[in-house]
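Protein sequence lines, in the order shown, are assigned to chains C and R.
According to my numbering, the first sequence is numbered sequentially starting from 20.
According to my numbering, the second sequence is numbered sequentially starting from 1383.
The hints are simulated quantities; they were obtained by calculation from the structure and are not laboratory data.
The C-beta atom is built at its ideal place from N, Cα and C for all residues, glycine as well.
There could be a bad hint or two in this list.
Straight-line distance between alpha carbons at most 30 Å, and here's what the computed DSS-like set of lysine-lysine pairs gives [said to hold, decoys possible]:
no.: 1; chain 1: C; residue 1: K374; chain 2: R; residue 2: K1650
no.: 2; chain 1: C; residue 1: K270; chain 2: R; residue 2: K1650
no.: 3; chain 1: R; residue 1: K1697; chain 2: C; residue 2: K391
no.: 4; chain 1: R; residue 1: K1630; chain 2: C; residue 2: K265
no.: 5; chain 1: C; residue 1: K270; chain 2: R; residue 2: K1697
Computed footprint of chain R on chain C, listed as stretches where at least three residues anywhere in the stretch have a Cβ under 8 Å from a Cβ of chain R [to be verified]:
no.: 6; region: 236-250
no.: 7; region: 260-269
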Amino acid sequence: MTSASKKRESLLRNNALQTILGSLLCIVIGLLVGYVVLLIINPSGAADAILAILKNFMYYPSAVASMKYFGTTLVKASALLMCSLSVLFAWKVGLFNIGAAGQYVIGAGACIYCGIKFGLPWYVCLLAGIVAAALVGGISGALKAYFNVNEVISCIMLNWIGLYSVNMLLSKVKEQSTPYTKPLSSVNKSALLPNAGLDTLFSNNQFVTIGLPLAVAMAIIVWIVLEKTKFGYELKATGMNKNAAKYCGMKEKRNIIITMMISGGLAGLGAGIFYLTGIEQWMVQQTSIPGMGFNGIAAAFLGGSNPIGVIFSSYFIQHITSGGSYVDKTVYCSQISDLISAFIIYLCGFVLFFKIWINRFLDKRDERQAAKELKGGEE
Amino acid sequence: MDNYAIEMLNITKRFPGIIANDNITLQLKKGEIHALLGENGAGKSTLMSVLFGLYQPEEGEIHKDGRKVVINNPNDANELGIGMVHQHFKLVECFSVLDNIILGVETTKNGFLQKGEARKKVLDLSEKYGLSVDPDALIEDITVGMQQRTEILKMLYRDNEILIFDEPTAVLTPQEIQELMTIMKNLASEGKSILFITHKLGEIMQVADRCSVLRKGKYIGTVDIKDTTPEKLSSMMVGRDVNFIVDKKECKPGEVVLDIENMTVASKRHKNNAVNGVSLQVRRGEIVCIAGIDGNGQTEFVYGLSGLEPLKGGKIVLNGQDVTNSSIRKRLTSGMSHIPEDRHKHGLVLDYSLEDNLVLQRYFEPEFTNKFGFLKRKAIREYANKLIDQYDVRSGQGPITKARSMSGGNQQKAIVAREIDKNPELLIAVQPTRGLDVGAIENVHKELVAQRDAGKGVLLVSLELDEVMNVSDRILVMYEGEIVGEFDPKTVTVEELGLYMAGSKRKEVNTND
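I would like the entire structure built from these sequences, with the hints used as guidance.
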């Protein structure tokens, strides 16, 4: 074996690289499948539609406009990043937090209500969102720890409880003529997250706030907590083998509850850094849970359940989701962008398959190589 | 070439960096019981995987009845009449015995199962070979011994001629082992050829006709059992002489380190208590052994003692401190070490690296965690390397090896290293040599004795009578959750112990007052 091929091989064995390659492959396959579906629906606009989705904000010819919409995509991506961190954190501890969506809703409700009703400043609102969402996550955790209730079931039920409770709560602070909550920019400016000059980078997009760097910082903090600290060591041990965790004296029940609370808190923070920019008002009549939390699941897996990886996967998923709105609506119906992103998200599961395949392939190759070498040596 | 049922000739199988099988020849005669002996990692599993077509050898041939055959996958092996009872059974828990036996080879008529014929064939087979099973019982309800008989019937139902038993006695009670030995002899006398993979020399001496020995991937030789001794076999296997009698000095019991009064633990399986009013003491400098047949409350007793299960009643005093209601962590930091019965369930986080597993009991100490809650990775690595050297824990990549990818013997070594290095006052060792080879067993026994000689109390729970007799200074027999006898290993016989273990004799012992 030459040293060059040895180097190439050890690179291919690298887990992170495998995840990246796998994710890229999924994206390509997803786009291809989407393209084929578009061809079937209406062949004439298919290429344009795919390009529009991929281009997203680059649709605008002027640099100023495209920077502005790039900023908007980033704001949404940062909320998505928090949701995928929420899913990822629980996943590392062996729990599937499908309740990130509901915790996100609760977080949104708490921070909007605090902002409008009590006129509190942004940091208190943000904290309220985090605490409320953490408590809801904690409910699922406690049910799991003490009564062995599957967290998926309790989370799904809490998602709906959360949605309708928040609708009810926020009806008290909605505008009189519309079903939307009062805009924070007119009722309580202090509840809006500070821009800290970031807006100027994005053609004065006022929604670009400190939420953006905060989300990235949270990803790094989650990584550090999981990989470098005693706390993360305990949590992961509990997730991988709760019997062994109990055997060596870890408080496995407490760990499950804390995990779900942190997971919920992360989703709540995501809601905070989204709604406290004033980018959207809550629609109190909505009957479906915002997709942010569910997309977070996809982003977590597309990112190889790595806190740094999900920074990129969250951005990508938000990029194509936002890009969908530029598809020519006269040719395709408006759901088409969701469909394409759904294909890609669906294929995210193949990242794992890809890893298994490539490892099997490498093993086979090594075996042959070793056999050849030994034979050569004997002769 | 006349009488061989299957021959594996000059098999060589290489993996990157290692030759798993180096020119190995194994010839199985028709109607013989042929033992395959070797330490953990000697290449037995690889050889069997070659036989089942899971691996293709680089060199060598397989012959069946003198003709060359090519085995590409397990289905080919099945068609050649090769069947295997795996160490971990491959049974569907919620299916009946009969359903498990016919699984995969069901006879159907118009898409409906024809179980009548199958039942008759199974009953005939079970009568012919003395394999008593209830065809309608669910797997989850029957004993391990019966599950194993189901596995054997599975092979017979498929008319397999070559039967491979992979460490079949590791999970059985002494009585069940004797039954299995009889069954194997019956099968051989009916013309089946048996390949018997094991570590246990006593069983080889008892049933096998011939024995082939592997060591570190190499073929050492094949011997006739009637011409050999256990000592010869073990030195062939390990490559040096093995001391069967544990070397130990006179026991000098000191002060009491563990005092249990009237411990009662509820059972999860039935309404009676799993542990019923057990009182015992362990002193410094002695090895107290709890002997008994599996399922007589030993597991629950240890759970109660270590805090994994709550007590229903009683009192535990560890090193002068009442720990009856203490948390597990409190007990472990008050001088208790625990080598658990099930190393996969409790002993290891299999997806953690070896180094992370080695600090599982100590990661929170200032030595490994700084005051901000960050792990000291460098200290952990150094500590792991120290234990790996000291206790000869072997693994592919050293401290960063995933525990899951290590051999069972080395996993156990890692646990023993971790628990002993904690420098406990009381060491609880539950079946510490389960599934280990002779060399590794010798090491574990040495460590236990060393702990004793260092003035620690050792509480050994074991199902192996040899181990009980060899290692302990005092034997307590547990039967149906109660201590039914206390013995001195120097004066008691195995037969006498057996009577107490089976519940046919008991004496009142060990009243603390």
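Unmet hints by their number, sorted upward, for this structure: 1, 3, 4
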